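Protein chains in written order, with our numbering: chain A, 58 to 153; chain B, 910 to 1222.
Hints listed in this document are in silico derivations from the structure and should not be mistaken for laboratory results.
Keep in mind that this is a model prediction, so the values were computed, not measured.
It is possible that part of the hints are untrue.
Capping the alpha-carbon separation at 25 Å, the derived lysine-lysine pairs in BS3-like fashion look like this [what the hints assert, rightly or not]: (1) Lys946/B with Lys1018/B; (2) Lys126/A with Lys916/B; (3) Lys946/B with Lys916/B; (4) Lys126/A with Lys136/A; (5) Lys74/A with Lys1070/B; (6) Lys979/B with Lys1070/B.
The residues making up each chain are set out below.
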Amino acid sequence: MSAEVEWPLYEVFVRGKRGLNHVHVGSLHAADDAMAVRHARDVYTRRNEGVSIWVVRADAITASSPDEKDPLFDPSGDKVYRHPTFYEIPDNVPHM
Amino acid sequence: MTSEAVKESILEADFDAIVAAGDRVEPRDWMPEGYRKTLVRQIAQHAHSEIIGMQPEGNWITRAPSLRRKAILLAKVQDEAGHGLYLYSACETLGVSRDELTRLLIAGKQKYSSIFNYPTLSYADVGTIGWLVDGAAICNQVPLCRTSFGPYGRAMIRICKEESFHQRQGYELLMTMMRGTDEQRAMVQESVDRFWWPALMMFGPPDEESPNTAQSMAWGIKRNTNDDLRQRFVDMTVPQAEALGVTLPDPDLRWNDERGHHDFGQPDWDEFMQVVKGNGPCNAQRLVHRRRAHEDGAWVREAATAFAAKASA
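Just chain A, with the same shape it has in the complex (with noise of 0.2 Å):
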């Protein structure tokens, strides 16, 4: 028997239902595009879970690293001013 190399990861994501976002559901292997979704039926979608599946090479995700959590998320922590509730308005303003 020859060495088997293993066929490549894919991250499944699915679509509960119509107007919801693709969420992320897990991973699985599959030799190619097409058996990736075809498998990511059997595995992800046994119970009405979607009514639509993307998948994508996980080797072809380019993801930020936790080291850069600092440098890319904290400037946002400091703009208050960004949110609705940094604002005071009298209560007898309606509709704001």
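Starting from the known structure of chain A, fit chain B onto it as the hints suggest.
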């Protein structure tokens, strides 16, 4: 301290803070090597249990007593495969490959739950496994939905949603048999007699003999001790057995008003250790079957790989 050691102690403090806050650790976060190893061992064992767990019930698919029962059993066994796949994919986020996990299972180097080394001798066993074995699994798994490692917890949530079907179909099967003939009722009782003690063993050895529990709880991997979960299972199951009309085979089983729990006897822990070591009734058969399925499937995997390579050329 060297700067490397300083960096590591900062990372460790971050990790401890995440766990202490009941927050989730995600795959690319720094984690102690022991934490990673414990998770790989536990998730792999869990995944292997789902995959090996297809065999005892799969044994009855071709002999299901009706089309309805056959469809249910097929769906259930397919779910077990799915559960195995959710868990393998959670395990892979820790840096082990699927091939490696399969290889370790087939080589007998990673374990699976000892319960699946017991045979299924009658169709009542399909019901008993759903009721008691999946019932025990639910007790174990519900707290794991809050485990500290994100991918593991998310896989458990998915699994728990499906386990309820497993337990209910089993209980309904047994109820149907209990409404049947004396012979059918005897089959149910005989099956419960065989599975009760192995089901209690599913929670693992008593707390004082479970050396890893304290560390696993400190890391938030486990949320309850083995004995706590076993007690919870017994308390849940006793009224279900009464409603079904079967006797649980434990002369020491009785309600303790003072504790507010049932007292119950201990399983035969020597038998448990024997089964864990590979000497249970079906250990060899389960692994031979898994190895054969893997080897028989090699040509399919190779053909699909070759087709994909040709299509993308």
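Structure-based check of each hint:
no.: 1; hint: Lys946/B with Lys1018/B; result: 14 Å, holds
no.: 2; hint: Lys126/A with Lys916/B; result: 16 Å, holds
no.: 3; hint: Lys946/B with Lys916/B; result: 21 Å, holds
no.: 4; hint: Lys126/A with Lys136/A; result: 17 Å, holds
no.: 5; hint: Lys74/A with Lys1070/B; result: 18 Å, holds
no.: 6; hint: Lys979/B with Lys1070/B; result: 21 Å, holds
In the structure shown, no violation is registered for any of the earlier numbered hints.
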